[in-house]
Every structure is written in C-alpha cells, then in structure tokens.
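Asker: Chain by chain, the residues:
Protein chains: 2
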Amino acid sequence: MRYYIDELHKYVGETVELKGWVYNTRGSKKIKFLILRDGTGLCQCIFFNGDCEDEAFDKFPELTQETCVKVTGTVKAEPRSPGGYELSAKTFEVIATSQDYPITPKEHGVDFLMNHRHLWLRSKKQHAVMRVRSEIINAIRSFFDDRGFTCTDAPIFTPNACEGTSTLFSTKYFDDKAYLSQSGQLYMEATAAALGKVYCFGPTFRAEKSKTRRHLIEFWMVEPEVAFNDLYDNMELAEQFVEYIVQRTLKNKKHELEILERDISKLEPIKGSFPRLHYSEAAEMIKKENPDFVIGDDFGGTDETIISSQFDKPVFVHHFPTAIKAFYMKEEPEDKQFSLSCDLLATEGYGEIIGGGQREESLQVIESKIKEHDLNLDDFSWYRDLRRYGSFPHSGFGLGIERTVAWICGLNHVRETIPFPRLYGRLHP
Amino acid sequence: MRYYIDELHKYVGETVELKGWVYNTRGSKKIKFLILRDGTGLCQCIFFNGDCEDEAFDKFPELTQETCVKVTGTVKAEPRSPGGYELSAKTFEVIATSQDYPITPKEHGVDFLMNHRHLWLRSKKQHAVMRVRSEIINAIRSFFDDRGFTCTDAPIFTPNACEGTSTLFSTKYFDDKAYLSQSGQLYMEATAAALGKVYCFGPTFRAEKSKTRRHLIEFWMVEPEVAFNDLYDNMELAEQFVEYIVQRTLKNKKHELEILERDISKLEPIKGSFPRLHYSEAAEMIKKENPDFVIGDDFGGTDETIISSQFDKPVFVHHFPTAIKAFYMKEEPEDKQFSLSCDLLATEGYGEIIGGGQREESLQVIESKIKEHDLNLDDFSWYRDLRRYGSFPHSGFGLGIERTVAWICGLNHVRETIPFPRLYGRLHP
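Line by line, the protein sequences give chains A and B.
Convert by adding 41 to the 1-based position in the first sequence; the result is the number in my numbering.
Convert by adding 41 to the 1-based position in the second sequence; the result is the number in my numbering.
To be clear, the hints were calculated from the coordinates, so they are not data collected in a lab.
As the structure is a prediction and not an experimental result, all values here were calculated from the model.
Each hint should be verified, as a subset may be incorrect.
Same chains, same names: a pair is fine if it fits in one copy or spans any two.
30 Å max Cα-Cα, derived DSSO-like pairs, lysine-lysine [said to hold, decoys possible]:
hint	residue 1	residue 2
1	250	218
2	165	100
3	147	165
4	111	410
5	111	377
6	307	166
7	366	71
8	328	252
9	252	218
10	312	51
11	51	218
12	252	147
13	366	312
14	252	111
15	252	166
16	213	252
17	51	117
18	307	250
19	71	410
20	117	292
21	213	250
All chains should be built: construct the whole structure from the sequences, respecting the hints.
Answerer: Here it is in structure tokens:
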C-alpha cells in the first residue's frame, strides 16, 4: 500500500507510512515539526515527546533538508495545516541522507538556481509551475481530441529549410544534412488534406542568439490545421482554444496559482469573443504611443504591449502586411498588400502566444511566392503536390507552450516554464 | 455550419453541404456514385438522373480522384452503406481539380508510396493507422494524467552522451556541441525526486545504420518514472499501462482495426497479469530453439519471438545480466551479476515494446559504474546530485510509440506507424 499526501483525506484516523523528503523542520524540547514533501504536496508531521518513539525524537536532528525519509503516524484532519491534514508521527526512518543541500530558504541568484535546475525543481513554486504546465498540456490535448482532431506528429528532422536557414540547427544525417524543425505546419497541411482536422504537438528549435524573457532555444508548440477553415474560422478556433486552456487551468490548478500569487481576476475574463484589430488599426494605435514605429513593420515586444494593455482579453491582430509574412500565407483577395494572417496577443504584456492564418491554395501563386522568397522550388515539390491534387482552403495556427505557461502563471521569464530550459548560453543541466 | 461525414446521423432527412475529396466514382447512364472522403470518413453520394441537377449529372466526369469538391444533398440512412448513411445528391461544385493523381487503386511499391507519403496518408488504411496512433497517444496521456503523474518534458538538446556517442546525432549549439536525446530518463529521475510520479513524452533520435522493420531514426517514446517504486512495482505499472492502451484502443477504434483487418482476438486477452521470466529462464527457452544463442547475451529479434510466441499475453523478462545493461541500472542485491531490469515483449513476435527497471541509488556505486562504462564523471555532476541529496529508490520504463502502434495495428513494419517516417536512407518528404 502506497500513501500519498494528496490522498490523506481518505485515511483520517488510520496509521500510514509516508515516503518523501524533508522540506523543513523546527522544534522545541517538547515537540518537533517535520514538513514532508512527497511530490503530491506538503504534510506537517508532528513528533510529540512521549507520544512518538523516544528514538525518533532523539535522532530528529538527522532530518536535514532534502533527506529522504519514511514517516509513520496517524492521519489527523487539521484545517489550519497546509492541505488540511497532518500526521501525528510515531517514528521515522532515514532512507538516504542529504548534507549541505545547495538551495536553502535564503535568496539565490537566478544563474545559481538555473545551474541547479535539477534541484530547484523541488521547490514549492517550481512545483506549482510544473503542475500548471502539465495541466495546460493536458488541456491542449483534450481540446483537440474531444473535437475530432487527429494527432499527426510532424517530423523533427526535415530535409530543407522552409523559411531560410539562418535560425536553424542542423545535423549530419548519415550522408545527408538534416535541419531541426521550427514548425510542423507544412506537414500539417498535408495531414489536414488526409484527415481534415489535425494537430501536432512537439518540440521546435530556433537558433537565435537572443536573450529575452520570451525566447527559448528549444520550445514546445501545438499546431492545429483545419481543412476548409478560413481566417475567421481560424480565429474562432483559437479563441475557443485559449478560453478552454485558461478556464480549465483556473478550475483545476487553483491551489498552484495561489502558490504563484497569480492575480486570477486578470485571467477570469478570458472567455467569449476576443477583440480583433486589422493590422492598420493596430499600427495606428502603436504609432500614437511609439512614434518610432514604422507602419508596415512587424511588432516588437513593446509594440505588442501597447496594444494588449488596452484590453482585458487577448487581442487578435489580423491582416499583417504580406511583405512581412511567410511565403505560404494567403493574400487578402481584396487588397493583396495584406495577408490572411493573425496573431493573438496575450493580456498584461505577455505578447504573442499564437501566430497563424489562412494558407495560399493556388499552385501558381505558391510557386511564384517560393521564388520571390529566394527559396528553392524543388525543395517544396511535395508541398506543391498539396496544391496540385485537390487543393483546398485551410487555416491553422501555432501556440507556444512556454509563453502560455508564463502568461497563465504570471511569470516574468519563460525560463521557469519548462523543466530544463535551453537558452542562448545555457545547455546545462 | 460545417457538416462532417462522421456526424451525418444527426442530419437524416436534412439537406447538407459536404466538403471533401473524391475517393472514387462509378456510374451508368441513369445513376452515378461518388465516394467522398472528408477526413472523418467516407460517404456515398448518389446522383440520380432526373433527381439531381442536370448540370451536375453532365459534368460528373470532372470528378477525378482527389478532386476537392463541395456536394449538396439530403442525408439518408442506408444500412448497406459504409458508415450507415448516404447522400441523395442534388449538385456539386469543384473547389479544386486533381489531374493524374499518382496513387491509384492499383498496387504500388513501398518505395513509391514512401516517396509520396504526403499523399499516401489520404488512403483508407493509412487513415486507420493514424487514427489508432492518435488514440494510443491519447490513451498514454490519460493513463498517466488520471493517476496523478506530472508531465515533465525532458530536453532534446543534451550536453553529454549518457550511453556513448556512437548512435547520437549532434549539432552545433552556438559555441558548444549538443547531442539529440535518445532518452529522457536521467531527467525524469530528477523530476521524480521533485514531483514523485512523472513522465515525459516526446521524440527521441538514434543514428543507427540499420534497416529493420522495428527501427526508426526518429521515434516517439513515453517514459514514466516513479519515486519509491521497485522493479516489481514497475512491472505492475507497465502491465496496467499496456492493458489500458490495448483495451481502450479496442473499444474506441474498432472500426479502424477492422479496416486494418486486425485479428482482434489476439489483442482481447491483453489484460490482467502478464507472465514474468527471469533472464535465466528466458535464456534457457531460447537456447532450446536457437542453439547459437549465447547465455549472457542480449536477445535478438528472433530470440524475442521464440519467447513471445509461447504466450498469448506480453511477457516480461527481468533480471538481465548487469554486464549488458546501462550504468544506471541497479544490481540485484542477492546476485550482482543480474540487474533489476525488465523488458516487455509484445505478443505475436512484435518484440520489445518496453525497457526499464530500477535505478541505482547509491552515489558510490553509480560513480564506480560511470567509470567502468568509460564515461566522464563530470558529465554526470547534476545526475550524481540526485544520489547526494536525499537519494531514493525509483524505477521507470520507456515505451516506444511506433512499435506499440505496429503491434496493435498488426503492421509488419514501423514505417507506416508515424506520419513522416525517418529511416536510414530516408529523410523525405
């Protein structure tokens, strides 16, 4: 029988054995407190002199931070205790010691913590982030699976670079060269033609020498693609998707968001329709506050914040200039200088969490676009086949997991949103 | 309003518009049949001369294979029809043509089909495989999420090679060198110390120049790791996990397994306890049928089949010789020449689908093992910390997704189990 801290409510009055690690201790001559963590939660174990075994009381000082321990005791309901239950402890047994644990309750610098990421993950706040991340991943899967999407994973190794090689990692692939994928989109266009509603969910890689709070070298992305969806269907899907993720996390991870001191009143309004701005409107808005902004350019982080700060919901910006978007983005038929693209900017200055749009379906147009973008037609022979054999209107988007986790958790930097972050200058641990 | 073929049962008697692709056509002067596919299923659309629009009847020959088309008609229940419903068609509109579609109903060679994988995925059998794959992925997630596991993704980029570099892909990581992960296990050991029950699920890479029906260069793996689980707990978890995946797929993807002509009577018994063989027993069994087998060696594909063919359930082989297992595998305390390792061999000769075991928790032993395996102690400094600060018994395993899909689908080769397979000599499309 295995007992976990988050299931103690089932065993009130019973004697149980808990296995875990020493989170903290304090005590006096009469009574000693051990806060035990087992991965599911924290539990206060109380050793009363005379009530517990004498030996346990005597050797209590062995319980240094992160010592692995088995504690035996009786479960008691205790509303004042974290979690609502505590253990009236009888005895304990040290499974393995821990001397001079590097992360102490005092403040540590970020670099120190990142170097000790494998241990830092044991702290309460990092637990909460990881649990929220896990919930978000689960929510993403459920959203698509429940709506009849088929998960069709895109390959990581790709033979050619679809948007230039400058930010791609490459590897020797036997006698060939392979690039590591930055996006599964082109592949999702193929599987959408096969299965209608599809998504992929996996790691993607960007070799960018940038050290911003929004960038990781290795990050996870979910990319749905839907046959016969136009730009507006796409925004509707993205809207429902983001509402679902946020509301489900609020419901299921309330405790974790409390630990993170997240102001959830900022997340509660994330439902229903999100405001939508044409690029030109958004650009005007930015120009007012940032005169240096050049209309026609892509938005920087500050520009995104200027827009998002005016709304209490995420905001779509659609119809970005064709010139700044990828070759596969369909042009607005009424005005070809704009594209049927859309980004979703999160609230509170968290920036772009979704990018997507409607894809060009004309073989002729896509071929001339490939050439205009200085890409090699041959590299896209299979992709062009999708326009050759029963081409179809279709749209999709990509949502970055780490930015979404940072936003929902209210974290200042994406580096804490993934178990082992890879950043420019950080490949360890 | 969007109508999908798998939802036609809701619209009997109503006029609907279906969008999809021409799967097949046939006809006479009086009546013409279009089999439409839309990714959710196939639907027979019947054009009756006089009943449908004259123009639709006349231009019916435009409906070449894979033409993208919108069909309008009335939904009828028809038990003899695939799916149980058909469309009494009024008219159609071609969205985009398809001339000389390369994959015809005639037989094609595997190489041809693999070169056209982006189109091959549109065929009925590949649909079924992709849907089963998606269901299995969903089942994997649900199994762990429902049991309180936290998904803690391991990094793909790793600074060092944990089992030698010979089968690792590498890439320039700015001024460093990074290897592409073959397993997230070491990282899961760290997150298990933090969160108790964890798993990672992502792509892994093996640069093996082998062309067997069981190997992919890029394959997906799920790796759970549980604090305080020993070898036997680990086998129990693996057993429940595999039962869950198989039984859920049987329940939810019956239709797809029928399309694949899978003999499901072979899958139905996959429940309850699985047989368990000590390596020595298994080795004796093999030796009887394969006299060349050297006791003490690892099993080859044929050897695995000799064992698995004797059972109608997957079979565990545990306690492999320490000498043939990785440095982190714990030795059997009673007899150190054997390790607390276990593999699970699928039925019907599908071979190993799970490998795992209990990990060594002693700092001293793990350090001497690292040296014995000619690995660099410094490369494992963070990993050794897990033994330094509150070491804990723990176990886990890895399940290969593609082999599991091949087994459940009854496919001869793993190449059809992933949307875009990467094989030795194949990086395209």
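Asker: Compare the structure with the hints numbered earlier in the document and write down the numbers of the violated ones, lowest to highest.
Answerer: 7, 11, 14, 18 and 19
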